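Trainee: Letter by letter, the chains look like this.
Protein chains: 2
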Amino acid sequence: MDASGGGYDPRSTRLLSFQAALTGFADGSDSPRAYLERCLETIAARESEIRAFVATNPEGARKAADAAAARWKAGRSLGPLDGMPLGVKDLYETEDMPTGMGSPIYEGWESHRDAASVYALRRQAGVVVLGKTTTTEFGFSHPGPTTNPFDPARTPGGSSSGSAAAVGARMVPAAFGSQLMGSIIRPASYCANYGYKPTYGGLNRGGGHSSLSQSHLGLHAGSLADAWAVAFETSRLAGGDPGYPGIYGAGAGLPPARPPRVLARLDGPGWDVADDAAKAAFEAYVGCLRAAGVTVLSGADHPGVAALEEAIRPCSTNSMTIIGWELKWPLAAYREKGEGLLSPAIADRLAEWETITVEQYRRAVEIRNEMRRRHAVLRPAIDGFLGLPAPGVAPRGLASTGNPIMNVPSSTLGAPVFTVPLLALDGLPLGVQVMGYPDGDEATCALARWMDENRF
Amino acid sequence: MDASGGGYDPRSTRLLSFQAALTGFADGSDSPRAYLERCLETIAARESEIRAFVATNPEGARKAADAAAARWKAGRSLGPLDGMPLGVKDLYETEDMPTGMGSPIYEGWESHRDAASVYALRRQAGVVVLGKTTTTEFGFSHPGPTTNPFDPARTPGGSSSGSAAAVGARMVPAAFGSQLMGSIIRPASYCANYGYKPTYGGLNRGGGHSSLSQSHLGLHAGSLADAWAVAFETSRLAGGDPGYPGIYGAGAGLPPARPPRVLARLDGPGWDVADDAAKAAFEAYVGCLRAAGVTVLSGADHPGVAALEEAIRPCSTNSMTIIGWELKWPLAAYREKGEGLLSPAIADRLAEWETITVEQYRRAVEIRNEMRRRHAVLRPAIDGFLGLPAPGVAPRGLASTGNPIMNVPSSTLGAPVFTVPLLALDGLPLGVQVMGYPDGDEATCALARWMDENRF
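Protein sequences appear in the order of chains A and B. Position 11 (the first sequence) corresponds to 869 in my numbering; numbering is contiguous. Position 305 (the second sequence) corresponds to 1163 in my numbering; numbering is contiguous.
Please keep in mind that the hints were generated in silico from the structure rather than gathered at the bench. No incorrect hints appear here.
The list cannot tell twin chains apart, which means a pair is met if one copy fits it or any two copies do.
No more than 16 Å apart at the CA atoms, straight line, and that leaves these computed lysine to aspartate or glutamate pairs for EDC-like:
{"no.": "1", "residue 1": "LYS1195", "residue 2": "GLU953"}
{"no.": "2", "residue 1": "LYS1195", "residue 2": "ASP954"}
{"no.": "3", "residue 1": "LYS1137", "residue 2": "ASP1284"}
{"no.": "4", "residue 1": "LYS921", "residue 2": "ASP954"}
{"no.": "5", "residue 1": "LYS931", "residue 2": "ASP888"}
For clarity, every value in this text was computed on a predicted model and none was experimentally measured.
Chain A on its own, in the form it takes in the complex:
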């Protein structure tokens, strides 16, 4: 595919990969400290424009990177993440930096502890926690000041705004994000990186202030290998959420590419609002896949796919019933803390959400379960589902983080999904998303790898 305009070209733009640096650490030609310094240089050069971080701890990071460098030098590295600089979405607690959650209520709040997944990566895997990345207010609404690394007049997406932008700007090789509606997969598309929203419950959300039943901890990364390695190691060391098995897989190494047998395009309710140019780019991509011998079905070809498309049609309104009921606390409790501490956008939604009844909530959960059943029955027939991860490239302006409509199906289904940065429009990045089935993260990653390595 051709980039039809300015700066971004998916064939030539490469973001950071920590996994690609490991051989240098092993043979002494590179070191985690040198890697970190390159990240810090990029941050120094670009942060004033991009504003991806709400806090950084460069001195703490240097100390941790030096310790990792010493381990690599002594041949005793802690594994594939030892010395890796990581951004952490500012909903998740870190012992050395405040956790502000994009709200004045928590501005400067310090828990002095690491969230479960941060703790495991820092203490057991050698990860270098470099900074906290900007989030919208409580991960929901009211954007921060972060700009898109490919055009500062455009949004990086949200709610994982800072994580997406920091990775897109080559400031860090990976950053934790979280997704309730579309907060990883869409900003990854806007910022040309690999977004990975695991199976629901796959990564431990303890200390993350996002306990909703569609909220997922996931990743932005400059390479698929880093996205997988961080997720796998997090799950291995910290587990999934309580009661969940975490992410199954053979190891932290990227699974072998899996040539797709049968894919389905799941246009979903977002197709109608997508830009014509984005739709055309996606159609061209599907055409290339078909020309390469991949079967790509649509609802017109397969009644099960049609049934799933029909079932998920109301997923946005249904999700808002679920999210609204689940978010009314703590937001209502925060409202008691003082006038004007919630943004008007959230305060208005809260007033609506307080009218939801437990019966309406139960019904919405039942509807979601029915959507999940329609999805699960396709497992024997369909390897994965393709779609646009956003209705177009990053929109102009910072007042909105864009429309999550393309991402609500995978959030609703709790299914693993990756953004692969394959396309471009007018010199701006546009990804393709590929979704699998709950607990099939490894197989879905293998499909994403095949797509990443077989470009057109």
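Chain B: place on chain A using the hints.
Mentor: Positioned in the frame of chain A, the structure of chain B alone reads:
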């Protein structure tokens, strides 16, 4: 049944009932303020010995009770909990009192917000939050100073020590507790009250610092009517945990008594360690039930019951694998805060728990799922399961809160269970527990009511 000794007689000892006071509020012969003052008098008389509370807010409670009294007087009460004094286990946040979690790490910590369930009851149902009740360290280990209201030389049980003792001492009509292994059902037995551990996920744990996959928010109450009313209203207003339907039922009023058709005794792995006197009292109770025409099966009579008993035999060790994996964070993060801040008991367990692998955890969850399947298949045949809620009466001494072995099955199965204060030994209370099926809380409560109203 006869009380064979000293002070406690289940036929004559009655704890507080708020539901029984409602007619007085309606006709003006009583008021929530007067009710509260009676509670405060009892606290003043007995708290120095019982030490059920880590904090109280009598002035805030008086203000809230006056507001409730005004509503009752104006005929505009908020419902069956309007003006009800409530104790809250000190794992759950309250906006007006600190949340210490039984640990020096959180001593005096104030979140200045109400936990989800507390928020709903206080703001929407008119509940008067009177105080925070003592918990063991993080609801797990290392008892507080609370004594048993029926014998100060004995434990009240734990981890919901203060809640059980406060209700048992007539200080409050109800108090929130939480159960991971046996922290509601056992102390309720020791303290002669009605313990109610709902279906897993039935009551919203937001702001409760107990997110483990066997942790349940539940109740101690002086009457079954209050236990049900508080749980139902909490679920109606705050919901269950995110993704869970909450507690189903026709309303906040106690469901009609349900004469049992077929019960099973589930002696479980605790039977072998139970006191002979407790076993004899339970056998006598079962004998009375049979004499009254109730079928009470055992594993010897029913292969499905035998299969369930066999399946749950390893439930304590299996639970400890699950709990250990899930508790290693946050405990490991707390360990970083300084030497000696965790009790030696917890620090030692933590070191063990850190050797658990994600594969061992997954296996333990699978084993738990198999136990749940063996339970679920009995639903058409067996109305409920009877057992001792503890191996005997409250043990002497405060160094241990007693053995939770009788309670681990219901915690493992996520099934609703009630303690009904039916028995006595040597003048000390001993309950009977009745367990149902997940989401069958109302039917289980109806069985408990029948047992409560048909004493022998």
